[in-house]
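Novice: Each chain is listed here by its residues.
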Amino acid sequence: MSNKRAYDPIDSTVLVCYIFLVVLGIMSILATEYNGKFSSEFFSLSHSYMRQTLFAGVSAIMFFTIIGFDRRILQFISYPMYALLMILLMSVFVLGERTKGDQNWINLGFFKLQPSEFAKFATAMALAKYFDSPSMRFVTRKEHLTAYAIIGFPLLMVAAQGDAGSCLVFAAFIFVLNREGLSDLFIYIGLFVVAISVLSLIINPYIIIAITLVLFSILIYWNWMNKQLVKILSVILIGTCFYTFSVSYLFNNVLEKHQRDRINVILGKELTKEAKRGIAYNLNQSKIAIGSGGFLGKGYLQGTQTRYNYVPETSTDFIFSAVGEEWGFLGSVVLISVYVIMLLRLLLLAELQRSAYGRVYIYSVVAIIFMHVFINIGMTIGLLPVIGIPLPFLSYGGSSLISFTFMIATALKLDSERRMTMR
Amino acid sequence: MLRGNESGILEKAIIIAAVVLILKLFFLQVLTPGYKLKARENVIKKVTNYPSRGLIIDRHGEVMVYNGAVYDILVQWNITKNLDTLKLCNLLNTDIDFVRKKLDEIKRTTPNKPTPFIKLLDPQTFARFQEHLFEFPSFTFQTRTVRRYPFKSGAAVFGYLSEVTENNIANSGGFYELGDYIGTTGIEQYYDSLLRGEKGYTFQVVDVKNTYKGKYKDGKEDITPIAGWDMVTGLDAELQAYGEQLMQGKVGGIVAIEPSTGEILAYVSSPSYDPNMLTGRYRRHNFNVLFRDYYKPLLNRPIQAMYPPGSTFKAAAALVVLQQKIHPYDWYWFCPGGYRVGSHTVNCHGSHAIPDVQTALQHSCNSYFCKVYNDFIMDSTFVKPAIGYQKWWDLMSRFGYGKKLGIDIKGEKRANLPTVKYYNKVFGEGKWRAATIISNSIGQGEVLATPLQMANAMAIIANKGFYFTPKVCKYVIKNKQKRIPVIEKHETGIDTVYYRYVIDGLEKVVQAGTARVAQIPGIAFCGKTGTAQNPHGKDHSIFAGFGPKENPKIAIAVFVENAGFGATYAAPIASLMVEKYLNDTIAKKRIPLQERMIKTHLMKTAMELEYEKTQKEILLDSLAKVKAKKDSIVKAKAKEDSIKQAKNKPNNSILKSDSIKNKNKQP
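Top to bottom, those sequences are chains X and D.
Our numbering numbers the first residue of the first sequence as 167 and each following residue consecutively.
Our numbering numbers the first residue of the second sequence as 18 and each following residue consecutively.
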């Protein structure tokens with residue numbers, strides 16, 4: 167197989183979206199640092215936009231390297247890579263550095279490695295590999311438990327490291343399992359738990375229990391003949407009653423203080439003085455940045471909020487506020503649309519895959535990116551609590567950009583082989 | 018739906034999530050307009066540029082008040098590192114406690130923006146600090162201006178500036194902000210809106226740490242400050258300073274008016290103070306010292322101190338009698354050495370013949386003026402004395418007595434020209450006659466006047482019948498554009514002919530009467546001495562006059578408290594002032610007089626005041642002791658009585674009615 171033929175059949179929609187996002191990312195990072203003067207200093211690597219360009223270059227090399235791989239190699243390294251990443255993830259407990267209360271960095275001197283970013287990629291590969299095994303039908307209890315374990319292990323690990331964002335990303339694998347035959351019920355139960363958690367923080371638990379009792383009584387009454395459903399509903403009902411009471415305990419004892427503050431800000435609860443100065447101030451500045459963009463935005467390099475550091479961490483987690491401020495509502499919609507097009511296109515490609523490996527893998531990638539985008543943008547506009555999680559392809563950071571490039575490149579590689587065999 | 022997909026939940030989730038995000042963004046970016054303003058408020062720092070306050074210039078073009086530069090030292094706490102507090106104290110002449118307290122306060126209130134650390138630092142100290150400014154990177158400065166007074170005089174007329182109060186801010190229509198200075202007294206207050214000018218603003222872009230990042234819109238929206246109007250006053254800077262020099266060590270006031278215009282030439286309130294004291298860094302301290310001073314230097318004596326005008330009142334009193342044709346000018350009166358009213362006699366200085374009103378004025382004959390006053394009020398043309406007095410009051414009040422003249426300095430007192438209503442209240446309607454209120458005729462009793470009113474009354478006589486509302490401000494000027502305050506002319510309605518007799522009389526007072534000491538070589542100075550009896554101490558020395566006789570240029574009133582006869586201090590001071598103004602120098606033979614006036618010190622020294630205070634304390638103490646003794650005697654007696662009573666009580670168990678009976682039995 168010649169190189170030329172290997173590059174040719176890449177899905178151009180995804181590639182264009184990818185390039186668009188990376189370039190917009192570098193531009194936005196520049197916008198957050200631009201000091202209004204153009205000098206020889208401009209190209210110095212001390213600026214994060216120059217470093218991000220460098221990372222983009224590295225990503226490009228990786229992209230082509232992966233495209234050049236044989237898919238069998240990818241399939242072959244899936245398990246070893248997963249094992250390696252799990253070991254790295256564990257080593258964070260020993261070697262890790264704490265940043266803002268989250269322990270997830272390994273300092274390699276020249277580069278700060280964030281194993282959780284790569285773990286997502288490795289988990290996707292390992293899960294795909296597992297579903298690709300010939301006898302796999304995802305029916306038996308053993309098959310279910312193994313799949314849960316592959317996802318659950320890194321999830322618990324990042325949870326222990328206090329990385330709520332990555333935790334949620336691993337939880338997004340439930341969409342993949344759902345695609346492979348897990349009942350919709352689990353997703354609905356998941357949403358139900360989230361809704362109950364939020365409600366019981368706002369409203370008196372007794373009111374929630376009263377409402378659930380009434381609702382479930384009606385549901386059970388209607389479905390009286392369906393004994394299976396009645397059984398499940400009853401379990402959920404009882405579970406809800408217990409869970410409602412434990413929410414405040416979990417909230418106060420399991421979550422850390424900064425996490426509680428972040429949730430309180432979103433729920434509009436009374437805050438401590440420290441939280442008002444810290445997280446509430448930061449979030450408000452981010453909303454001011456995005457809100458002040460208006461419909462058309464202030465224009466590129468004209469964003470005062472992001473340029474003069476009113477929004478914290480504009481180049482990393484809050485990069486969206488720079489986009490929102492300078493490009494306005496129109497630009498924000500375009501950005502979100504690009505993500506949606508990219509993800510839907512990938513979903514389509516996933517369904518076209520003939521092997522379970524390709525399908526599960528690309529599906530996982532979509533779930534991971536979706537979760538990142540939704541949580542990240544949601545937090546900058548005050549829809550979701552502030553969770554330290556990068557915006558894929560845009561946020562400054564080598565680990566993040568390179569690992570997302572890995573994901574996309576691998577997905578495109580898998581797809582390109584499908585196209586070749588189709589020819 | 019996609020091939021082979023059973024549910025497509027992820028696809029739906031992606032679309033729903035995107036829609037939710039876009040809706041929230043629409044709400045945030047399109048439907049909420051407030052964020053634009055908030056972002057603007059964040060980055061744009063409005064820096065106020067203070068306009069320079071209008072200058073105050075005297076009638077000859079001398080600048081009496083200008084603006085000097087001082088400096089506010091600002092500190093931004095959040096970028097302060099390794100502060101050498103001791104060095105700071107040495108450079109800024111402060112103590113370490115102040116520095117610590119101030120820094121602590123800034124740390125608590127506004128740590129992330131430059132906050133005034135020391136205000137209004139004088140240029141010398143600032144120059145020293147500026148050399149070391151690089152050692153204190155978190156310190157910056159801003160230039161402010163304060164008033165400077167090169168003649169060190171005119172405190173009472175100019176007034177002072179002070180920091181605005183909440184009230185001032187509310188009433189200024191948005192002009193004043195916290196920390197600004199506003200004219201609080203004198204013409205600084207009266208013309209504040211003209212003198213202050215208009216503030217300018219520059220808009221700067223700052224980052225989150227409040228560091229300067231450039232001009233906003235290249236300074237297109239900046240507003241340059243507009244300086245205030247300069248004010249040309251009628252004051253004579255030299256005369257003003259000379260007046261304050263003459264009055265040093267004495268309590269009282271001088272007002273000099275140009276009769277032909279009503280412009281104030283000199284306005285002295287004594288004891289005075291250097292107006293430079295109430296500017297700059299030590300303003301508050303100095304203000305407190307002045308405020309607590311025994312002699313109240315902050316009292317604006319020319320318009321607020323009220324004295325009985327004494328004999329100076331007689332000039333107007335004579336005119337009123339002539340106008341009403343009670344007696345002709347050459348009515349002959351023999352003064353028996355006093356004027357008898359019932360059992361009381363108004364004393365005069367020996368007995369003498371008074372052939373006309375001039376002579377009466379010349380010798381300041383009390384009995385003459387009592388007699389004519391009595392004849393005026395009791396005149397048969399009036400049915401009742403009350404109607405006669407009302408007529409007298411009407412005419413007298415046209416000389417400005419008993420009313421505010423409307424000078425352009427706030428706080429003017431009406432003083433007192435007692436009304437019919439007042440006397441009706443005190444004595445009862447119809448129960449008083451001229452004799453009851455005879456002391457009015459010689460400017461004693463209830464009659465009170467301010468130095469300004471006395472000077473103005475003299476200006477009326479100098480003008481032969483009219484006056485202009487006294488004004489300090491001649492006009493204000495900016496960019497060759499003038500604004501002149503409204504000039505009001507007031508007529509007295511008394512025939513011009515009568516003034517000639519009175520003016521002749523006033524001239525004689527100086528030439529051969531009570532005020533011979535006030536003779537000025539080469540100038541026909543007219544005036545009247547007065548000695549106001551003071552129930553609290555030594556008499557007040559008063560003089561009011563004008564000069565020259567023909568075409569008068571200056572009318573003047575001088576008050577010296579507790580100084581004795583009018584001729585002793587007030588008359589020489591007035592004559593020296595007039596001489597200085599008209600001749601520009603003092604004649605050689607009058608130099609010793611000038612020296613004597615300047616050196617005379619009538620105020621009590623600090624030691625005397627202290628002695629007085631202790632005497633008072635001792636007195637109060639002994640009074641208290643006496644009272645205590647009295648109380649103890651009363652108490653002892655009460656005790657004795659109660660014991661007696663108890664003894665008389667036969668038994669506690671006896672009924673109440675019985676005990677009452679018992680009590681009644683006692684003598």
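Misleading hints may appear alongside valid ones.
[What the hints assert, rightly or not] Capping the alpha-carbon separation at 30 Å, the derived lysine-lysine pairs in DSBU-like fashion look like this: (1) Lys481/D with Lys616/D; (2) Lys203/X with Lys230/D; (3) Lys203/X with Lys63/D; (4) Lys435/X with Lys423/X.
Note that these hints are calculated values from the structure, not bench results.
Novice: All the hints need checking, so say for each whether the structure fits it.
Specialist: Now for the hints, and whether the structure bears them out:
1. As the CA atoms of Lys481/D and Lys616/D are separated by approximately 37 Å, the hinted pair breaks the 30 Å bound.
2. The hinted pair formed by Lys203/X and Lys230/D meets the criterion: a straight-line CA distance of about 11 Å does not exceed 30 Å.
3. Restraint check for Lys203/X and Lys63/D: satisfied, since their Cα atoms lie roughly 24 Å apart, inside the 30 Å limit.
4. Distance check on the hinted pair: Lys435/X and Lys423/X sit about 14 Å apart at the alpha-carbon level, within 30 Å; holds.
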